[in-house]
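My request is simple: use the sequences and hints to build the entire structure.
Number of protein chains: 2
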Amino acid sequence: MQDITAGRRRGRGGGAARRAAQGATTVETARTITRAIPDFEVLTEEALEIIEWNAETVLEEVGVNFVNNPGALQRWRDAGADVTGERVRLPRGLARKLISTAPGQFVQHARNPEKSVSIGGRDLVLAPVYGPPFVRDLEGGRRYATLDDFRNFVKLGHMSPWLQHSGGTVCEPTDVPVNKRHLEMIRAHATLTDKPFMGAVTEPSRAQDSVEMCEVIFGRDFVSENCVLTSLININSPLTFDDTMMGALEVYAAAGQACIISPFIVGGAMAPVSVAGTLTQVLAETMAGVAYSQLIRPGAPVIMGAFVTSIDMNSGAPTFGTPEASQITYGAGQLARRLGLPYRSAGSFCGSKLPDAQAAYETANTLNTGLLAGVNFMLHACGWLEGGLVASYEKFVMDADQLGFLHRMAAGVSVDEAAQAMDAIREVGPGGHYLGCAHTQAHFKSAFWRSDVLDYKPFETWAEEGGRDTATLAAARARRLLDSYTPPTLDPAVGEALDAYVAQKRESMPDAFA
Amino acid sequence: MQDITAGRRRGRGGGAARRAAQGATTVETARTITRAIPDFEVLTEEALEIIEWNAETVLEEVGVNFVNNPGALQRWRDAGADVTGERVRLPRGLARKLISTAPGQFVQHARNPEKSVSIGGRDLVLAPVYGPPFVRDLEGGRRYATLDDFRNFVKLGHMSPWLQHSGGTVCEPTDVPVNKRHLEMIRAHATLTDKPFMGAVTEPSRAQDSVEMCEVIFGRDFVSENCVLTSLININSPLTFDDTMMGALEVYAAAGQACIISPFIVGGAMAPVSVAGTLTQVLAETMAGVAYSQLIRPGAPVIMGAFVTSIDMNSGAPTFGTPEASQITYGAGQLARRLGLPYRSAGSFCGSKLPDAQAAYETANTLNTGLLAGVNFMLHACGWLEGGLVASYEKFVMDADQLGFLHRMAAGVSVDEAAQAMDAIREVGPGGHYLGCAHTQAHFKSAFWRSDVLDYKPFETWAEEGGRDTATLAAARARRLLDSYTPPTLDPAVGEALDAYVAQKRESMPDAFA
Chain A
1 MQDITAGRRR GRGGGAARRA AQGATTVETA RTITRAIPDF EVLTEEALEI
51 IEWNAETVLE EVGVNFVNNP GALQRWRDAG ADVTGERVRL PRGLARKLIS
101 TAPGQFVQHA RNPEKSVSIG GRDLVLAPVY GPPFVRDLEG GRRYATLDDF
151 RNFVKLGHMS PWLQHSGGTV CEPTDVPVNK RHLEMIRAHA TLTDKPFMGA
201 VTEPSRAQDS VEMCEVIFGR DFVSENCVLT SLININSPLT FDDTMMGALE
251 VYAAAGQACI ISPFIVGGAM APVSVAGTLT QVLAETMAGV AYSQLIRPGA
301 PVIMGAFVTS IDMNSGAPTF GTPEASQITY GAGQLARRLG LPYRSAGSFC
351 GSKLPDAQAA YETANTLNTG LLAGVNFMLH ACGWLEGGLV ASYEKFVMDA
401 DQLGFLHRMA AGVSVDEAAQ AMDAIREVGP GGHYLGCAHT QAHFKSAFWR
451 SDVLDYKPFE TWAEEGGRDT ATLAAARARR LLDSYTPPTL DPAVGEALDA
501 YVAQKRESMP DAFA
Chain B
515 MQDITAGRRR GRGGGAARRA AQGATTVETA RTITRAIPDF EVLTEEALEI
565 IEWNAETVLE EVGVNFVNNP GALQRWRDAG ADVTGERVRL PRGLARKLIS
615 TAPGQFVQHA RNPEKSVSIG GRDLVLAPVY GPPFVRDLEG GRRYATLDDF
665 RNFVKLGHMS PWLQHSGGTV CEPTDVPVNK RHLEMIRAHA TLTDKPFMGA
715 VTEPSRAQDS VEMCEVIFGR DFVSENCVLT SLININSPLT FDDTMMGALE
765 VYAAAGQACI ISPFIVGGAM APVSVAGTLT QVLAETMAGV AYSQLIRPGA
815 PVIMGAFVTS IDMNSGAPTF GTPEASQITY GAGQLARRLG LPYRSAGSFC
865 GSKLPDAQAA YETANTLNTG LLAGVNFMLH ACGWLEGGLV ASYEKFVMDA
915 DQLGFLHRMA AGVSVDEAAQ AMDAIREVGP GGHYLGCAHT QAHFKSAFWR
965 SDVLDYKPFE TWAEEGGRDT ATLAAARARR LLDSYTPPTL DPAVGEALDA
1015 YVAQKRESMP DAFA
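Going down the list, the protein sequences come from chains A and B.
Anchor point for the first sequence: position 250 equals 250 in this note's numbering, and the numbering is continuous, going up by one each time.
Just remember that this note's numbering sits 514 ahead of the position in the second sequence, which is counted from 1.
Please keep in mind that the hints were generated in silico from the structure rather than gathered at the bench.
Since we're looking at a predicted model, the values are computed, not measured.
Ideal Cβ placement from N, Cα and C applies to all residues, glycine included.
Heads up, some of the hints might be wrong.
The following label-pair restraints were derived from C-beta to C-beta distances [said to hold, decoys possible]:
1. B:S998 <-> A:G104: 43 to 49 Å
2. A:N314 <-> B:Y999: 22 to 28 Å
3. A:F264 <-> B:S998: 52 to 58 Å
4. B:K959 <-> A:D499: 44 to 50 Å
5. B:P647 <-> A:T489: 51 to 57 Å
6. B:E979 <-> A:R506: 52 to 58 Å
7. B:G981 <-> A:G432: 37 to 43 Å
8. A:T489 <-> B:K959: 39 to 45 Å
9. A:T146 <-> B:G946: 53 to 59 Å
Over 12 Å on every C-beta distance to chain A, these chain B residues come out as not near it, computed from the model [said to hold, decoys possible]:
10. R545
11. E555
12. E563
13. P691
14. P752
15. A768
16. I810
17. G835
18. G845
19. R851
20. K867
21. S998
22. A1011
23. Q1018
24. M1023
25. P1024
As structure tokens, then:
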């Protein structure tokens, strides 16, 4: 992946590549995870064929609505769909044919070329939580998120060795007017880290601003020829594509920028109360959405998304880390691979109000599933709490640490001569121990993954140090990280141009708070 | 499985079967989990062949020690091994040949035939934590375990719908003399639950007592022809078989009772500091142990065990829920299947001192791995804390709840007509919702797994109720369960005979406390 990126940069990057190279810092980030392990598949071939057949039946018989979007309806008509009012019905095979122009894998460039990521194929990119209006920490409790919080989460993401992506709305900066948040969010991502990031989707004009800010950062030519943004386009399930999200998609696809096209489904409310039925709807919706992206610009990079979870039928609350959510995540991965599309799903999902055992069970169930389901882009990979309403400082740090587990698992098992360790077994023999043997001395430093958060101390030491639980240890680590943060280098001219763009845009609009 | 059991009982059980049938209670326990999902395999065919070749090389060149056991050395000599002192070297192929008589699947009978379990093949049996000298709960903190604690954990296990097995030393009843604990432990398992259980392994004579107590419960004829005990035989890694454990194995195998033959390995200390090297040693050790069981009695039921975890090279502490521990668990499952043996591994492992987020991350990583690794018998499936030193009331309840996740995942994904839900999708259409549709009304009660412990309430309700964390909720559930416990019915004659056996045995020995 590094080579692809470097090659493209050399060929086309020009000034942007030079500027980006100057942004290199000493923060070590693990590269894109390329899985050396197989995918886990819960659906049989027969089940896959049934779901695929049914999804096309849904597109053909039931159809999808494109709301307040005459341009979209005309595009569909021109492509051969049956359009009645806002309802678009796709003859069997049409969506699949349109999807065939979408790339199976693409590179999203970071301003530091060392941190560009490959999305698709056997690769996995991890990005932090997206969208919470609240934050929580042990000291301040639960409160509305601010721009300071936003900047803190970008800094924590920058310092994580396991996150390769800075994400998007890591929390809502509620102290900034709604119509100007995207400017501050992108400025934060572009300056406080040199990892890749996401664009705004709450208005087509804000998507346009996102692209323009990238032109300031990367250079206009570079942006016109390369993907520098991956943005999140939610489908309004069931089977509805609203004009706001589609407007943003149209901007990004036309600009050759990537979108995740993703249902947001609580099964039983926005989809049938069954795994196979939900997967059918997910497939129909994403096929229609991805096909539409290719009507805007054939070849536009897209990711098939599936944010799908189960519901507690007693309370109506969404539930996370459940077996049905895992089954859907595995199944949607199989469906995405059969379409040849990069796949987004999973994350640090939980319903818990606190970064406690419930949060960790639910999150670990989901992270393990995401890894083995063949997810290529994992949004929300750390920091999610309370059904996504809250970004938690402690959980961000705890989850980000667990992402190291995914990196190591994905690397697979080596059986080279050193790993076989036959000399060690011969040296130690029955009844001995391996702590001091030559093989252990040579390999112990890198042999086993080590948490930076969890407690491995003897009981007595742990008790003497206050008997702290995981959240308390994580709070201390979050403080240490933020205290030691240093920004990656940035070409001052780019910083100034970005500030000027934001100032000019902010002045051009009255503040809006809803 | 139920049919097999019932059939055997009808054919051979006689009085024991009638007595056992009377023990039926109203506590609902899910049956053996039969996986309708594939196994996840991290090792390639090439890696498997290297490890298998190397394991045989270890057996042939390095060998294993059978300590203080002249009888075992003679058996090995007679079988064709090269014996020098206590070292036994097995010519390539010998262990594999001996192992071929071990059954790939067997039934362990419970005194309630409805609760007998199938071990091996595609089945998964879950049993609680084994061995902790300490217990912990929110009220009493960390303290030495007593017989009252032991009885409480057996009751909690009995009431779990997801545990199919009552386990063995759910905690050490440290207030009972060491040489009499096994009598009290088996009496508790035999009377407080009607699920299957494990026998003593701390002395050959205690193994013999365990078999005799089962003869009281099931009848001598039944025990002579059926497996009613599964017991845990640890290998003293590296490559050492001590006389205590082997003595117990000899008793059980001769009686046709099942043993788990299992290395207990902290990688880097008792095995090489690499996944492939550790797997090589695990395979060599379990092959030697299983082969030895077949020298005692060809056809004796055995389970290939792998209790293997990683080490923190900074502190020397064992670490749990790590990627390397998962890789070993997956890999050992592949090796066990290629030997045609039932496989024991995984559990609610964690290093945390508290039932907090660390405990849950580490446990969930391990439970997910165990399910997909094809484990057939999962000891320690709930209640484990602090590296196994502590049995936690709260964590027992929390983990046991999560085992429902495994049951549902294992069932796979249905694509029958109801699951396809096409009528629901047609009924609701774009922009509607599924909460009230006919399909949802018909299926919502059983559609999604629901936790009995975790919090799904709205934030405000949760906050009004005290903002309780998972451990606090679990403590309340543990109290409620113990308060509402009722014992399964037991033939009074069996109860009296068991009491008489225990009384006679206790009187026959002076107390020993070490």
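Hints, verified against the model:
1. Against the hinted window of 43 to 49 Å, the Cβ-Cβ separation of S998 of chain B and G104 of chain A comes to about 56 Å, which falls outside the hint.
2. Look at N314 of chain A against Y999 of chain B: about 25 Å separates their beta carbons, and that is inside 22 to 28 Å.
3. Taken as a hint, the range 52 to 58 Å is violated for the pair F264 of chain A and S998 of chain B, whose Cβ atoms sit roughly 40 Å apart.
4. At about 58 Å, the beta-carbon gap between K959 of chain B and D499 of chain A misses the expected band of 44 to 50 Å.
5. Roughly 55 Å separates the CB atoms of P647 of chain B and T489 of chain A, a value that falls within the hinted 51 to 57 Å.
6. Restraint check, E979 of chain B to R506 of chain A: a C-beta distance of roughly 44 Å breaks the suggested window 52 to 58 Å.
7. Between G981 of chain B and G432 of chain A the C-beta distance comes to about 52 Å, which lies outside the given range of 37 to 43 Å.
8. About 59 Å separates the C-beta atoms of T489 of chain A and K959 of chain B, a value inconsistent with the hinted range of 39 to 45 Å.
9. The hinted range of 53 to 59 Å is not satisfied by T146 of chain A and G946 of chain B, whose Cβ atoms lie roughly 37 Å apart.
10. At roughly 17 Å from the closest C-beta of chain A, the C-beta of R545 of chain B stays outside 12 Å, upholding its exclusion from the interface.
11. Its closest Cβ contact with chain A, about 7 Å, brings E555 of chain B to no more than 12 Å, contrary to its assignment away from the interface.
12. Distance to chain A contradicts E563 of chain B as a non-interface residue, since its nearest Cβ pair spans about 9 Å, not more than 12 Å.
13. With a least CB separation of 26 Å from chain A, P691 of chain B remains clear of the 12 Å interface cut-off, as annotated.
14. Its beta-carbon lying about 6 Å from the closest one in chain A, P752 of chain B breaks the requirement of being farther than 12 Å from that chain.
15. With a minimum CB-CB distance of about 25 Å to chain A, A768 of chain B clears the 12 Å threshold, and the non-interface call stands.
16. Every C-beta of chain A lies more than 12 Å from that of I810 of chain B, the closest at about 21 Å, which supports listing it as non-interface.
17. With a least beta-carbon separation of about 8 Å from chain A, G835 of chain B fails to lie farther than 12 Å from that chain, contradicting its non-interface assignment.
18. The Cβ of G845 of chain B does not lie farther than 12 Å from every Cβ of chain A; its closest approach is about 6 Å, which violates its non-interface assignment.
19. Interface exclusion of R851 of chain B from chain A stands, the closest Cβ pair being 16 Å apart, more than 12 Å.
20. At the 12 Å boundary, the C-beta of K867 of chain B falls inside the reach of chain A, the nearest C-beta of that chain being 5 Å off.
21. With a cut of 12 Å on Cβ distances, S998 of chain B stays outside the contact zone with chain A, its closest approach being about 21 Å.
22. At roughly 42 Å from the closest C-beta of chain A, the C-beta of A1011 of chain B stays outside 12 Å, upholding its exclusion from the interface.
23. Separation of Q1018 of chain B from chain A is adequate, the least Cβ-Cβ distance of about 39 Å exceeding the 12 Å criterion.
24. The non-interface label for M1023 of chain B is consistent with chain A: the shortest C-beta to C-beta separation is roughly 31 Å, beyond 12 Å.
25. No beta-carbon of chain A comes within 12 Å of the beta-carbon of P1024 of chain B; the shortest separation is about 33 Å.
Violation of the numbered hints given earlier is confined to hints 1, 3, 4, 6, 7, 8, 9, 11, 12, 14, 17, 18, 20; the remaining hints are satisfied by the structure.
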